[in-house]
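Chain by chain, the residues:
There are 2 protein chains.
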Amino acid sequence: MRPKIYLFGDSITEFSFDEGGWGASLANHFARTVDVVLRGYGGYNTRWALQVLEKVFPRVEGGGEPLAVTVFFGANDACLPDRYAAFQHVPLHEYKHNLHSIVSFLKKQWPKTQILLITPPPIGENGRLRNPYSENPVTQPERTNEAAGAYAKACVAVAEECGIPVLDLWTKMQQFPDWENAYLRDGLHLTPSGNRLVFEELVVKLRDEGLSPENLPVDLPLFTEIDVDDPLKFFNK
Amino acid sequence: MRPKIYLFGDSITEFSFDEGGWGASLANHFARTVDVVLRGYGGYNTRWALQVLEKVFPRVEGGGEPLAVTVFFGANDACLPDRYAAFQHVPLHEYKHNLHSIVSFLKKQWPKTQILLITPPPIGENGRLRNPYSENPVTQPERTNEAAGAYAKACVAVAEECGIPVLDLWTKMQQFPDWENAYLRDGLHLTPSGNRLVFEELVVKLRDEGLSPENLPVDLPLFTEIDVDDPLKFFNK
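As given, the protein sequences belong to chains W and Y, one line each in that order. When you line the first sequence up against full-length UniProt numbering, it's residues 1 to 237, in that order. When you line the second sequence up against full-length UniProt numbering, it's residues 1 to 237, in that order.
If you're looking for bench data, these hints aren't it; they were derived computationally from the structure. There could be a bad hint or two in this list.
[To be verified] Estimated spans, in silico, between C-beta atoms of each pair:
| id | chain 1 | residue 1 | chain 2 | residue 2 | range |
| --- | --- | --- | --- | --- | --- |
| 1 | Y | Val-60 | W | Arg-83 | 44 to 54 Å |
| 2 | Y | Asp-227 | W | Arg-83 | 45 to 55 Å |
| 3 | W | Ser-104 | Y | Arg-59 | 28 to 38 Å |
| 4 | W | Phe-235 | Y | His-100 | 13 to 23 Å |
| 5 | W | Arg-83 | Y | Pro-58 | 49 to 59 Å |
| 6 | W | Val-218 | Y | Asp-227 | 24 to 34 Å |
| 7 | W | Val-60 | Y | Val-56 | 19 to 29 Å |
| 8 | W | Glu-200 | Y | Asp-227 | 56 to 66 Å |
| 9 | W | Arg-83 | Y | Glu-54 | 30 to 40 Å |
| 10 | Y | Pro-58 | W | Lys-233 | 35 to 45 Å |
| 11 | Y | Glu-94 | W | Gln-175 | 52 to 62 Å |
[Stated by the list, open to error] Footprint (simulated), chain Y over chain W, 3 or more residues, beta carbon under 8 Å:
| id | stretch |
| --- | --- |
| 12 | 24-31 |
| 13 | 101-109 |
| 14 | 144-151 |
Note that beta-carbon positions come from the ideal geometry of N, C-alpha and C, so glycine has one too.
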């Protein structure tokens with residue numbers, strides 16, 4: 001059975017197999033070694049994620065432990081409590097507590113699985129004013145970069161407290177001058193370049209934990225290993 | 001447990017999660033309903049595929065039947081027997097027999113699973129002369145469009161004999177005037193447009209069999225179904 005890496009998160013995960021998406025790129029990167037399994041739920045925050053955790057990751061007899069799970073929530077938790085997306089808001093201390101609960105659940109279910117947290121990305125507030133999901137004209141963004149930054153910081157703290165790796169996307173993206181336009185297409189969701197950045201950073205983080213195609217068993221002989229003079233030799237071993 | 005669609009084939013399947021790839025697009029199309037599982041083995045022909053069938057599709061207790069399996073071989077079987085890729089060649093009658101054996105194996109293992117054959121694509125012979133995998137300068141292509149066409153025809157015949165759907169890519173692609181350059185990047189593997197065509201044709205074929213996101217149970221409540229005034233209501237049901 002080929003091992004799995006689960007991608008668990010909100011819309012930024014759910015959309016990750018769209019053209020040039022970071023999830024699809026990861027599946028391509030691990031094409032002969034790992035099944036990359038999409039578990040993205042658009043709009044979800046950590047409060048809702050906790051409600052569905054056992055359904056998303058059911059205990060399956062003989063199902064084996066996944067190699068890794070990426071946990072990528074916070075962009076919705078960080079919606080401001082006094083603007084139109086307030087129903088998605090989760091207070092900062094609860095977000096931290098929820099993330100801890102998600103990590104604990106996964107560690108208990110699969111002690112050897114590598115858990116990797118991803119912070120929410122920065123917010124392009126101008127981009128959010130053009131948000132097509134809001135019915136009324138928006139004059140104030142429902143998310144701010146400052147709020148997202150507080151949740152990102154909390155996410156990094158949880159990772160440190162749990163002793164697991166974290167990809168601090170909020171900080172990483174803002175190191176690039178034109179990050180708002182380069183990486184975000186509506187102030188929140190990723191452009192192809194934004195997807196590329198997430199993919200490349202994840203590849204490095206996973207490799208740091210020993211999870212790269214070179215270190216993993218290849219599913220069936222590679223074409224380049226097959227003996228041109230006796231192709232079936234390999235399969236009969 | 002979310003149902004699965006397996007993609008079984010050669011390099012055109014293995015590369016299908018690369019940027020704009022048809023496999024990734026399919027995974028995105030079914031993002032909340034189906035796990036699209038990659039089982040592509042670059043360079044493989046049906047003879048080698050038969051050797052590994054039980055390893056690729058092991059019988060797992062309680063594993064459930066996949067919704068569908070795409071079987072996409074023939075581009076390597078159709079290599080000419082007197083050119084440099086002769087070790088990949090499989091005679092036409094054996095190719096037909098092997099395809100029948102693959103379909104029988106899958107039908108026996110999973111009687112309710114929809115099997116869908118895909119014919120090899122047409123061959124751009126000029127593109128093959130620039131094939132980077134050949135060590136010596138190539139003056140004659142190792143694949144011809146005529147040979148690929150014979151295998152495609154055999155594939156269509158097998159589908160008819162088995163009473164299963166088939167995507168006749170060889171015929172479909174050649175309906176477009178500039179197919180060699182539009183759909184093929186090296187006379188064999190797909191361009192973004194070629195990937196798009198495979199994806200769109202597959203979506204239609206699968207929908208014809210009742211397999212589309214609208215007809216399948218959605219994994220967990222959609223954001224749009226959640227009650228803004230009482231978000232947890234949905235999860236407590």
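Inset, instruction - Confirm or reject the claim that Arg-83 of chain W and Pro-58 of chain Y have a C-beta distance inside 49 to 59 Å. - result: Holds, since Arg-83 of chain W and Pro-58 of chain Y (Cβ atoms, about 51 Å apart) stay within the stated range.
Legend entry - Whether the CB-CB distance between Val-60 of chain W and Val-56 of chain Y falls inside 19 to 29 Å: Since Val-60 of chain W and Val-56 of chain Y have Cβ atoms about 20 Å apart, the given range 19 to 29 Å holds.
Legend entry - Supplied distance hint 52 to 62 Å, evaluated on CB atoms of Glu-94 of chain Y and Gln-175 of chain W: Check passed, 57 Å falls within 52 to 62 Å.
Inset, instruction - Closer than 8 Å, Cβ to Cβ, for at least three residues: run that test on the stretch 101-109 of chain W against chain Y and report holds or violated. - result: n = 0 at 8 Å, threshold three: violated.
Inset, instruction - Quick one: see if chain Y covers the stretch 144-151 of chain W, three-plus residues with Cβ-Cβ under 8 Å. - result: As far as the stretch 144-151 of chain W goes, the hint is violated, because 0 residues have Cβ atoms under 8 Å from chain Y.
Legend entry - Consistency of beta-carbon spacing, His-100 of chain Y to Phe-235 of chain W, with hint 13 to 23 Å: holds (20 Å)
Inset, instruction - Kindly confirm whether 45 to 55 Å is satisfied by the beta carbon distance between Asp-227 of chain Y and Arg-83 of chain W. - result: violated (18 Å)
Legend entry - Status of the given 28 to 38 Å range, CB of Arg-59 of chain Y versus CB of Ser-104 of chain W: Cβ of Ser-104 of chain W to Cβ of Arg-59 of chain Y: about 35 Å, so the range 28 to 38 Å holds.
Inset, instruction - Using the beta carbons of Val-218 of chain W and Asp-227 of chain Y, state whether their distance is inside 24 to 34 Å or not. - result: violated (48 Å)
Inset, instruction - Given the range 35 to 45 Å, decide if the beta-carbon distance of Pro-58 of chain Y to Lys-233 of chain W lies inside it. - result: violated (23 Å)
Legend entry - Verdict for Val-60 of chain Y, Arg-83 of chain W (Cβ pair) under range 44 to 54 Å: Holds, at about 48 Å.
Legend entry - Assessment of proposed distance window 56 to 66 Å (beta carbons of Glu-200 of chain W, Asp-227 of chain Y): Violated, at about 39 Å.
The structure shown violates the earlier hints numbered 2, 6, 8, 9, 10, 13 and 14.
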